[in-house]
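Q: Same order as they appear, the protein sequences are chains A and B. Read left to right, the first sequence gives residues 1269 to 1450 (our numbering). Read left to right, the second sequence gives residues 1269 to 1450 (our numbering).
You may find that some hints are simply not true.
Claimed, not checked - DSBU-like mimics (lysine-lysine), calculated; alpha carbons at most 35 Å apart, straight line:
1. A:1306 with B:1306
2. A:1421 with B:1270
3. B:1306 with B:1270
4. A:1270 with B:1306
5. B:1421 with A:1270
6. A:1306 with A:1270
Note that these hints are calculated values from the structure, not bench results. These figures come from a predicted structure and were not determined experimentally.
Protein chains: 2
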Amino acid sequence: MKFCSDCGVTLVRRVPAGDNRERDCCDACGVIHYQNPKVVVGTVPTHDGRILLCRRAIEPRYGYWTLPAGFMENGETVAEGALRETREEAGIEVELGAVFSMLSVPHVDQVHLFYLARMRSPQVAPGEETLEARLFEEAEIPWEQIAFRTVEKTLRWWFEDRARQRFDMHTDDIHFGRPKKS
Amino acid sequence: MKFCSDCGVTLVRRVPAGDNRERDCCDACGVIHYQNPKVVVGTVPTHDGRILLCRRAIEPRYGYWTLPAGFMENGETVAEGALRETREEAGIEVELGAVFSMLSVPHVDQVHLFYLARMRSPQVAPGEETLEARLFEEAEIPWEQIAFRTVEKTLRWWFEDRARQRFDMHTDDIHFGRPKKS
């Protein structure tokens, strides 16, 4: 940030009184512009033991496969955001289950949350941000073409949990520079 | 937002191409200024069956009791944020357990997340944002003086779960205008 979004004056980067980290401060109108992590919300949509993946029609990771997910919006709940993204990207209605995974991605200031989700039908209707959407058996998952490590982890947990017939919530952190498992 | 924080020009509120909701758009430099919910992270610190609460030394809800919690910062994980807030507000080190509660508060664009946490000792050292911090037995909890509904819900879930001897993750939404349970 360079300019105050409230008054237009040039901002100063410093530690405000009573704080312990640098912020963008406006010495004209006094506003402190905090910046905080964003929440990415999505689902693991399943139907008869298969998982729905969407192939991205947008950057980053154009052409790679992902679970339906996107930035949570102001004014909605986590569950509403997950349902909205699932509808927008895959064109499907799902019945949400429990929160299944929560992954912090501190180098991009994000938290990713995925819900278990049961598809009401196997029909899909991909939105503008999706090249195609289809259901995958475990053996068909394109592991080398998964868009994000949070999605890969969530998929692996889902198949592990299914194998042991018990779905729990999983948490982990994804750090910069650690390569994707091959 | 009135002015572009990148170039200082007056912003226009409209729906960008390919989007479906109004954003603050800069027609000079082309940047779209998205605004998204913030994450509040905290803990339920316990010691020998008692819960630690902090009495707020800041607004909102000055003088009311709360669990240690605050805004997650860029560059940290959810767990790091919860530990940091617990340290800053109560001056204690805890051993984090599972994620215990997740509450969406859409009318203030927030998601609150609390971890189970075991205190390493009953000693506290309240920080500047805390008037006092102390351990409470269930019968001593000042239910009428709890600062936030997300904290009240989390406390009630904790005592319910302890009574049935099983701690699960809980989720709920807090909507505007619904009064606190008396």
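Q: Now, for every hint given, state plainly whether the structure supports it.
A: To see whether the hints hold, each was checked on the structure:
1. A:1306 with B:1306: 7 Å, holds
2. A:1421 with B:1270: 40 Å, violated
3. B:1306 with B:1270: This hinted pair holds, its Cα atoms lying about 20 Å apart.
4. A:1270 with B:1306: The given pair, whose Cα atoms are some 22 Å apart, holds under the 35 Å limit.
5. B:1421 with A:1270: Given that 35 Å is the threshold and the Cα spacing comes to 40 Å, the pair is violated.
6. A:1306 with A:1270: With a Cα-Cα distance of about 20 Å, the restraint between residue 1306 (chain A) and residue 1270 (chain A) holds, given a limit of 35 Å.
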